[in-house]
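Chemist: From first to last, the protein sequence lines stand for chains W and S. Using the working numbering, you'd call the opening residue of the first sequence number 1 and step up by one each time. Using the working numbering, you'd call the opening residue of the second sequence number 1 and step up by one each time.
Derived from the structure by calculation, the hints contain no laboratory data. Beta carbons are placed, not taken as given, at the ideal position from N, Cα and C, and that holds for glycine. Wrong hints could be hidden among the right ones.
Which chain S residues stay away from chain W? Per the calculated CB distances, all over 10 Å, these [unchecked claim]: (1) Gly5; (2) Val46; (3) Phe84.
To spell it out: a stretch of chain W is covered by chain S in this simulated footprint if at least three of its residues, at any positions, have a beta carbon under 8 Å from a beta carbon of chain S; those stretches are [claimed, not checked]: (4) 5 to 19; (5) 100 to 108; (6) 125 to 137; (7) 151 to 164; (8) 218 to 230.
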Amino acid sequence: MKEIFSNSLFFGLTLSIGAFMLGTLVKKRWNFFLFNPLLISITITIATLLILDIEYSDYNEGAKYITYLLTPATVALAIPLYEQLMLLRRNLTAILLGIASGVICSAVSIFAMALMFGLDHTQYVTLLPKSITTAIGIGLSAELNGHVAITVAAIIFTGLVGNIAGGLMCRMLGISHPIAKGVAIGTASHVMGTSKAMEIGEIEGAMSSLSVAVAGCMTVGAAILFENWI
Amino acid sequence: MKYIGQFIIILAISLIGEILNAIIPLPIPASIYGMAILFTALCTGVIKLGQVKEAGKFLISIMPLMFIAPAVGLIDSWDIMKEFIVAIAAVVVLSTIAVVAVTGHATQLIMKLKGKEEKR
Numbered sequence: 001m002k003e004i005f006s007n008s009l010f011f012g013l014t015l016s017i018g019a020f021m022l023g024t025l026v027k028k029r030w031n032f033f034l035f036n037p038l039l040i041s042i043t044i045t046i047a048t049l050l051i052l053d054i055e056y057s058d059y060n061e062g063a064k065y066i067t068y069l070l071t072p073a074t075v076a077l078a079i080p081l082y083e084q085l086m087l088l089r090r091n092l093t094a095i096l097l098g099i100a101s102g103v104i105c106s107a108v109s110i111f112a113m114a115l116m117f118g119l120d121h122t123q124y125v126t127l128l129p130k131s132i133t134t135a136i137g138i139g140l141s142a143e144l145n146g147h148v149a150i151t152v153a154a155i156i157f158t159g160l161v162g163n164i165a166g167g168l169m170c171r172m173l174g175i176s177h178p179i180a181k182g183v184a185i186g187t188a189s190h191v192m193g194t195s196k197a198m199e200i201g202e203i204e205g206a207m208s209s210l211s212v213a214v215a216g217c218m219t220v221g222a223a224i225l226f227e228n229w230i
Numbered sequence: 001m002k003y004i005g006q007f008i009i010i011l012a013i014s015l016i017g018e019i020l021n022a023i024i025p026l027p028i029p030a031s032i033y034g035m036a037i038l039f040t041a042l043c044t045g046v047i048k049l050g051q052v053k054e055a056g057k058f059l060i061s062i063m064p065l066m067f068i069a070p071a072v073g074l075i076d077s078w079d080i081m082k083e084f085i086v087a088i089a090a091v092v093v094l095s096t097i098a099v100v101a102v103t104g105h106a107t108q109l110i111m112k113l114k115g116k117e118e119k120r
C-alpha cells in the first residue's frame, strides 16, 4: 500500500486538493478563524504523511505540479491591479509611503527581537526576508548567507498568519480603509496574505498584490542596509 | 479555446519573466517581472483585459492550493528549525502584527492628510 502511494503521481495532488476541500467545508460549517482551509489542509497532509510513513519527496513528486502554477498565478495578479488603476493613481503616494514604512518596520522589529532572543548574525539575516514573497526571499537569504530552508519556513509561517488573521488584525488594529487594509496585508504577509485579501474584497486584493511586488523589491534594499546591525 | 488562448498569454509572460530573471543579476523572481510586464501591457493596451481575464481570475482563485506543498515541506527542515523555534515563532507573529499596524495606519494617515480619502 505504502509503495503504491509513494510511487503514484496522483497521490500528492489528491491528498493536497482533497484536504483543501475538506478545509473549505469545515470553514463553511464552523466560521471560527483558526478553521482556515490552508491551515487545515497543511495539517491533514502532514498528519497523513507521518501516519502512512511517506517521505515528503515522494509526496511532492506529484504535489509539485500545482506549485508550478504559482508563477503564472502571481503574474495574473496584475489583472485585479489593472482593474483598480484609477484608485492606484489617485493614492499612489500614500500607498508607496505606506509600503516603505512597513518594510522599515519589519526590519526594525526583527532587529529588536533578534537582540532580545540573542540571535547570532546568521539567524538574524535568515529572518530578515520573512515578510516577502518566497521567490525573492530565497534569493535574498542566499545573498546574505542565511539558512535558506529556515527563511522559507519563516516566510510560510508569516504567510499563514496573514492568511488566517489578516482581516482580524486589521479590524482589531483599527485599519478600516480598503486600500490601507490591502497594503497592510500584502506588505506584511506577501502572496499568501494576498490570496486572503482577494476574498475580503477587490480593492484589498489589488492593493495587496501591488504591495507584494513593491515591498519585495524595497526589502532587498532594506536588508542590505540592516544586515550588519548584528 | 478562449481559455486556452488566455492561458497561453499568461504562460508566455511567465516565460519572459524567467528569461529576464536568468539574464538580470538581481534577486527579483520571474513572477514579479511577469506581473510588471502584464500590468504594463494592460495599461498600454498591448493586451486587452478580455484576453486574459477569465484564466487569470481562475489562477488567482486556486492560489491557496499552490501553498500547500511548500508548507508541508516544513517537515523536512524541522531539525534545523527546532534550535530557535521559539524565536522564529515570536518574530513571525509579533513582527507581522507590527508591520500590519504600521503599514495600515501610515497609509490611512497619508490618505487623510492628502484629503483624498474615499468612503467605500
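Chemist: All the hints need checking, so say for each whether the structure fits it.
Modeler: Results of checking the hints against the structure:
Gly5 (chain S), annotated as away from the interface, keeps every beta carbon of chain W farther than 10 Å; the closest lies near 14 Å. Every Cβ of chain W is farther than 10 Å from the Cβ of Val46 (chain S); the closest lies at roughly 12 Å, confirming the non-interface assignment. Against chain W, the non-interface label of Phe84 (chain S) is violated: not every CB pair exceeds 10 Å, the least being about 6 Å. For the stretch 5 to 19 of chain W, the proposed coverage by chain S is satisfied: 4 residues have a C-beta within less than 8 Å of a C-beta in that chain, meeting the threshold of three.
Here's how the stretch 100 to 108 of chain W fares: 4 of its residues keep a CB closer than 8 Å to some CB of chain S, so the rule of at least three is met and the hint holds. Coverage of the stretch 125 to 137 of chain W by chain S holds. Counting CB-CB distances below 8 Å, 7 residues qualify, and the rule asks for three or more. Only when three residues or more bring their CB closer than 8 Å to a CB of chain S does the claim for the stretch 151 to 164 of chain W stand; here the count is 11, and the claim holds. For the stretch 218 to 230 of chain W, the assignment as covered by chain S is violated, since 1 residues bring a beta-carbon within under 8 Å of that chain's beta-carbons and 3 are needed.
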